[in-house]
Every structure is written in structure tokens, then in C-alpha cells.
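S.K.: Chain residues, written in single-letter form:
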Amino acid sequence: MKVDPNKLRNHILDIVYNKQSGHIGGSFSLCEIVSYLYSNFDLINTDKLILSKGHGVPVIYAALYELGLIESLNSFREINSELQGHPDKNRLKYLHATTGSLGQGLSIAIGHALASKLKQKDDRIFCIVGDGEMQEGQIWEAFMFAPKYKLNNLICLIDYNKAQSEGFIKDILDLDDLENKIKSFKWNVLNVDGHNLIHIGNAINTLTRINFNMPGCIILNTIKGKGVSFMENNPEWHSKTPNENEYNLAKKELNESNA
Amino acid sequence: MKATRDGFGDQLIESAKNNKNIIVLSADLGKATKLYDFSKEYPDRFFEIGVAENNMIGIASGVANNGFKVFLGSFSAFLTGKYDTIRCSIAYSNEPCILVGSHGGLAIGRDGVTQMGLEDISLMRSLPNMTIFNPATYIEAREITKYLCETELSGPCYLRIGRQPVEEVFSNDYKFIFDEPTVIKNGSLGIVFSTGCILSTVVNAIKDKHIKLVNVPVLKPITNIIKNYYVQGYDFVFTVEDHSIIGGLGSAIAEIMAEAGSSAKLTRIGLNDVFPESGKSEDLYDKYGLSSNKIREKILNTLNESR
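These protein sequence lines are chains A and B, in that order. Residues are numbered in our numbering as their position in the first sequence, beginning at 1, plus a constant of 3. Residues are numbered in our numbering as their position in the second sequence, beginning at 1, plus a constant of 743.
The hints are simulated quantities; they were obtained by calculation from the structure and are not laboratory data. Check each hint, because a few of them may be wrong.
Simulated restraints on C-beta separations [unchecked claim]:
id, chain 1, residue 1, chain 2, residue 2, range
1, A, S168, B, N915, 56 to 62 Å
2, B, E998, A, K189, 48 to 54 Å
3, A, N205, B, S1021, 57 to 63 Å
4, A, L176, B, L896, 37 to 43 Å
5, B, E923, A, Q23, 47 to 53 Å
6, A, G140, B, D922, 36 to 42 Å
List of simulated lysine to aspartate or glutamate pairs, DMTMM-like, C-alpha gap at most 20 Å [to be verified]:
id, chain 1, residue 1, chain 2, residue 2
7, A, K151, B, E791
8, A, K122, B, E791
9, A, K189, B, E791
10, A, K243, A, D17
11, B, K963, B, E886
12, A, K92, B, D827
13, A, K122, B, D787
14, A, K151, B, D771
15, A, K120, B, E791
16, A, K153, B, D787
17, B, K763, B, E895
18, A, K254, A, D7
Chain A stretches covered by chain B per the calculated footprint, using a threshold of three residues with CB under 8 Å from any CB of chain B [said to hold, decoys possible]:
id, segment
19, 88–100
20, 104–115
21, 118–125
22, 141–152
This one's a predicted model, so the numbers in the text were calculated from it and none came from an experiment. Glycine included, each C-beta is placed from N, C-alpha and C at the ideal position.
Make a model of the complete structure from these sequences and hints.
M.R.: Right under this line is the structure:
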């Protein structure tokens, strides 16, 4: 991969630790999908990626840094920075949507997909949605709508890491049979291991290369905090920031897994 | 008599003839907002979103980001009620969409409070990047719609339109100029600022009185010209709006006067921090102080009390 998922994890850990602010858990669960997308698609000039779960933006900044589009990550969450706490497309030109209030990104992605159809452009619109944010009603308005205009240039990627800000999804508001729910809205749905780049690649190839006439959705079975044992599957790490000891332990684990 | 929504609908169809960039989104209220007529004329540029205003707002944001001029419409109450979606997906994103809110004010009458846009301007006025238009008559609605279609917008706009036919106040050669509120009549006893479809009611209320009347079609930004009007030496300033007195024209003028240290007395006429009710619209306008007689009474009493 042009963009290495483990490097993304290291940058995320560094910037959140340095600023003692930001969301590690839901950024770590996205490292493989974001790595795959930036490695295989031109998300700056041709295709588009909309991060509906805006709190996961550290992984996007890390990827843009790895691609050499951002000179430094030091200004993350600092005043006068293009690297806002949540994505701001007007401050950072490589982003395609301003998000952070949950549940809105898929509708914006639909708008982009519709505009591409109007302009007869042959591009792909990817939208990463969090599982917790699927409790927002607007997400289901969007799921209901996209098939109406057969937006087959749209691919929704659900980061199904099973945890949200205050606990586990199943305890707060369960999504139950997510795959069949979305299938019932006429989307093409695939269910894969969201940390396996080969599975991710196969799923995206299936949805982009075969001429489906409906939008595609990939449920990425992921682990919140993936890559650091004491962060994995612990909802606390949604927005908790590591202390020095935790940072060193996490750093060690990430570097060992890279070895 | 024609409604401002007709002025909007007619002009949109007219302007879209030469402007292929215009896209319309509707949330199952196309007939009421007059967007339905557009759909008949330009079916490939019209998208029915269904009863899902939040989704419509997000879609508008994405489409507008690709260089299209997007008009999205619903009842003003339902549209502006989706405040956070407008805030994040449109205003903070600074997408030049035109949010069209119909059925502003009490006019919908018997359908009751849930269908009335009474706080819409207040909500939209609080959003950075948002420009607010509130045309008063059919001709002004046409002119403003033309402006919106032909101008390269730097950010989102809110356009409030009404369902009730209103007496025309402007002549056919009236030209809307963004920075210029229109002086409807001159007078020295006081100055009345009116916004939106209530204008012809206000005209009738004070037509025989030596009171200045100014129509304010742009509520945000409030122009310097308005700032100068009251400075010209009026002791009595009135605002009239078919909207809550909180956050709309009344508040905007109050802010200007307070910041300038004005000693003039301000009287805000509008919905006085209240949810009204169902009823015949004439009865509602009378009960809630916005009929011609009630407006006249309020203005004259205020002027007389001080003598």
C-alpha cells in the first residue's frame, strides 16, 4: 500500500497524544480502509471521500501527510490551522465535506453522486459512516433515497467497530441485522473484515467494477482502537487521550507489530 | 392580487430557461412552494426528495459544491426547524444554496401553529454566512428570485415566501437593489420598517398619516442605509413583521439603535413571544395584532401617548 496503515496509526497516536485532544479509537478502526482508498484512488482530483464520522479525521490528516499533501501535522487542533478538530473543507482544500455533526455526511455524498450523474462524470463517491452515527435518523433518509436515482457511483463504507462514545452499540441502541436492513433498502451490501486489505480490495473491486445499477455498501467489521491491545474494544478510547505511560506502551505495540 | 410564492415560482421557471445550472430539490411540498411548476417545465433538473428535509439539506450541500445553483424548498417551519443540518451542511460549509421557506407567518390560518414559520428568520439570522431575503409582494419576489438566479452567490441564502395573495405595492419597473431598502412613503412623525408580505397591510394602516414607511427585503446583512434612516432624527421607530419579535426585523433594528446610542423609542410589532393557534387567517391577524387596524392602533397610540 502506498499509504501504510501502521504509519497512519503512529501519526494518529502522536498527534492526539501531543495535543491531548482528539479521537483515537474510531480513527484506528479506519486505518485499513483509509489506507486502501488513498492508495488506490485519486481522492484529490477525481474521486471523493466524505468522512461522515468527522471525529475520525486524524486518520485523514495522517494519510494526507503520508501522501505529502500536508507538510506537517503539528498544527492539529491548534488555532489558525487547516487541521481542524473535525473536517472543515473550506480550511483544508483536500476535503470534500465539512462534517462533525453526526448523520449528515451520507446525504452530502448523495449530493456529490447526483452532481456527478448530472455532469456525466465517471467518478466514485466514497462515504465513511460510523456505526454509532447510524442511530441518527437522517442516515436512514439517505439510505432510503440513494437507490431512487440509482446512484451506483456511491459507495457507503460503514465502520462497524461496535462501540460509540458512551459504550457498546448493542447496549446503547443496537443496529441488529445491519446487513439485511440495508439490503432491504435495495443497496448492494458486502460484509468484510475491515482490517484485511485484501478483503477490502475485493469488496471495493466487486462494487466498482461490476456494473451494478444501485449504490454499494460495505460493512467493515472493525475493532475500535485496533492495533493497541489495551485500547481495542474499549469504548473509553473513543475520545480518551493517552498519558505518557500509555503513549509509550501504545507506541511500543505499534512498532512491534510493524517489525 | 398575487402571492410572493407565485412571484418566486414564475421567475424561477423564467430564469432557469437560460441558466441550466439551476437545480431544484423539494420535500413533498412542491405545489405549496411552487417548485412543482418547475418540475413540470424542467423534469431533469428537479429532484423529489420525499418528506426528509434533513436529507434534502445535505444533498443540496453536495450538489451545490459541484457548481450548481440549488434551490431547496419546504414550509419555512419545517425547513428551518432542521437547524443543525443547515448550520453544518450548508452555513458552516458555506455552500451557495437557496433555502426557500414558504408559508411564513400566520397566513396558513386554520392549519395551525405547526405549519406556520414564525421563528424562521430568527434562526437563520443567527447563522454566519447566511443572507436573508423576505420579499413583500409578487413583483418584489420576482425581482429577488431573478437576483438570486443571476448573481454569483458567495454563500447560502434563505428566501422567505408567503402563500397569501397580497396587494401589489411596486410598479412593474421596480428594480431590486441589494443594498437599498425601498422608501414606500415619506413622513415626519415616525418611521416604520416593514418586512415581507405584511407590507401592503402596513401601507393601508398608515396611508393617511405623515409617517415614513420603509420596506426591508434583506434582513441580513442589514445595510448601512437602514442604519442611517433612524439617525435622520426620528423619535419613534416601529418595526412590523409577520414573525416573532425575537430575532427578526425588530431585533435587528433594536440592535442597530442600541449600538448607536439612539434615544428614539422603538416599538416592535409582531408575534409577541407566543405560539398562536388555528383559525381564519383574518381572525388570527386581528387577534395577534397584525391586522391593518391593529397595526394602526398600535402606532397611533404610541405616537399619541408621548404627546
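S.K.: When the hints from earlier in the document are held up against this structure, which numbers fail?
M.R.: Result: no hint breaks.
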